[in-house]
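Visitor: Starting from the given sequences, assemble the full structure and let the hints guide the process.
Numbering-wise (the UniProt record's numbering), the sequence shown opens with residue 1 and increments by one.
The hints are simulated quantities; they were obtained by calculation from the structure and are not laboratory data.
It should be emphasised that the depicted structure is a prediction, and the values quoted were computed from it without experimental measurement.
Glycine is no exception: its CB is placed at the ideal position from the N, C-alpha and C atoms.
Hints are not guaranteed to be accurate.
[As the list claims (entries may be wrong)] Each pair of labels, with its calculated beta carbon distance range:
#1 GLY382 <-> GLU284: 29 to 37 Å
#2 ASP361 <-> LYS129: 36 to 44 Å
#3 SER221 <-> ASP361: 35 to 43 Å
[To be verified] Calculated lysine-lysine pairs in the DSS-like style (CA-CA distance at most 27 Å, straight line):
#4 LYS357 <-> LYS434
#5 LYS109 <-> LYS130
#6 LYS106 <-> LYS86
#7 LYS132 <-> LYS36
#8 LYS58 <-> LYS124
#9 LYS314 <-> LYS410
#10 LYS472 <-> LYS434
#11 LYS130 <-> LYS36
#12 LYS450 <-> LYS357
#13 LYS314 <-> LYS450
#14 LYS36 <-> LYS102
#15 LYS58 <-> LYS132
#16 LYS215 <-> LYS269
#17 LYS269 <-> LYS257
#18 LYS269 <-> LYS196
#19 LYS376 <-> LYS416
#20 LYS129 <-> LYS102
#21 LYS132 <-> LYS38
#22 LYS130 <-> LYS38
#23 LYS215 <-> LYS257
#24 LYS314 <-> LYS422
#25 LYS376 <-> LYS359
#26 LYS466 <-> LYS436
#27 LYS434 <-> LYS36
#28 LYS38 <-> LYS58
#29 LYS434 <-> LYS376
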Amino acid sequence: MKKSSVLLLVVILAVIAGAFFLKNEPKQAGLLNGAKSKYDLSFVLDDVEKGHFTASSKIEVENASGDSWDHLQFYFIPNAFTQGNKPESVQGTATANIANVKLNEKESKYTLTGDQLEVDLDEKLEPGKKVKVTIDYDFTVPSGSMRFNRDGDNFHLAQAYPMLPTYQNGEWNQVPYSSNYESYHTGFSDFTINAKAPKGYSIVSTAGQDFDLNKNSGEVSVENVKEVYLAFLKGDEMVTRSAGDIEIRVFSDQEHKDLINFAADIAEKAVDYYTENIGAYPDEQLDILLANDLALGMEYPGIVQAKAHSNYYKDLQNTVVHEVAHQWFYGIISNDPVRDPWVDEGITEFATVLFWKDKMDNTEKEARRILDLRLKVAERRGFEPQPSNLPAYSYDQTASAFVYGQPADKLWSLFKKYEGTKTAREFLQAYYNKYKYSQVTTEEFVSFTKDYFDMEDNLFFEDWLKLNGISKE
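Guide: Shown next as structure tokens:
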């Protein structure tokens with residue numbers, strides 16, 4: 001055979017092989033995000049009395065969509081707590097000032113309305129292109145607040161930096177801040193964080209290899225997380241537990257230190273259970289903060305916050321388990337908390353009940369205690385039934401029942417027909433393996449569940465989900 005023929009044959013075989021692998025390359029599950037980002041963040045606590053921080057964010061933004069962009073949008077949530085913007089429930093008032101915004105080191109125009117920061121682009125950012133955004137700013141942290149909160153000399157910095165929203169369906173996916181639900185939705189990103197505080201402070205964050213607690217400054221990095229959280233703590237008690245190779249640290253102020261071991265013991269069991277039965281925890285450390293905060297509990301990647309219950313230890317433990325479960329159902333499997341809030345909250349509530357029944361060997365009544373309370377409160381107050389997959393702003397006082405309780409109740413009834421907790425564990429593990437680091441919608445969850453159980457129609461979902469546009473097959 002001539003050399004030219006051999007070369008031609010090699011080329012043809014390479015093309016065929018390439019086509020085969022492209023055709024069979026697995027596609028990412030879930031809804032895609034057209035905006036990618038990397039963050040380099042800096043926070044300096046420079047005035048404890050005023051609760052003042054000087055900060056800087058350097059953000060590499062990549063247009064991963066098919067559209068051309070003429071502007072960028074960010075959440076700037078510290079501004080949502082300033083005078084004239086803050087929720088009525090927040091006692092204190094924040095300040096937030098942007099010193100400058102730069103694109104590729106050049107000053108840029110911007111507008112700030114509430115928590116929505118819009119940055120003009122000098123020229124359109126085409127698909128596949130990147131731009132480096134630098135935002136220098138300072139802020140103070142309000143007391144008597146939620147998530148972004150000052151508690152004595154401790155500072156909890158949730159969403160304390162400009163955060164890039166997702167870009168989906170041809171637009172920036174952003175709504176104004178609300179204290180009634182999680183009103184922000186971000187994609188998975190990589191972060192480098194520099195932080196500094198006065199002597200006597202320890203710094204705790206999302207990072208698995210965290211700041212040295214014996215130092216008041218340092219740098220950490222974390223990859224592939226939806227957001228990062230920092231806490232500047234002074235004089236807190238700490239205990240540790242281990243779940244396999246995962247270190248669990250629990251922090252509490254002196255007022256609530258008697259609760260710290262209750263939280264640590266149940267956190268250890270929860271991490272052990274979810275790691276064994278759902279999937280790997282992605283890092284080597286998980287932190288839990290017991291705090292005075294308007295929020296009952298809140299999840300962040302690598303760190304959770306629980307309101308200290310001094311009157312009933314079991315409520316504290318249930319909150320801890322719920323927020324730990326969110327590390328899998330929010331931290332790893334993403335969803336839009338505005339448009340599909342039930343996807344993480346309902347499944348997390350179900351996973352919490354499953355833990356109490358399967359791991360702790362509670363009776364079904366004991367395991368469902370909080371779930372049933374959610375449903376009974378709605379019934380006593382005469383709330384009309386609502387689908388669980390309405391946007392978060394559709395629920396006034398009914399989210400606890402219909403976003404958290406109803407989905408968990410329906411899933412519990414489904415699994416009781418299929419070998420109970422065994423099938424539930426296997427289902428959640430399959431769900432995790434398919435959708436980790438992806439965004440799940442109602443449609444995607446319905447499709448997955450129907451495939452898993454070979455359902456031929458939508459009958460199981462019809463009395464608790466709004467199914468407009470979802471295939472019946």
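Visitor: Out of the numbered hints, which ones does the structure contradict?
Guide: 1, 2, 6, 13, 16, 18 and 29
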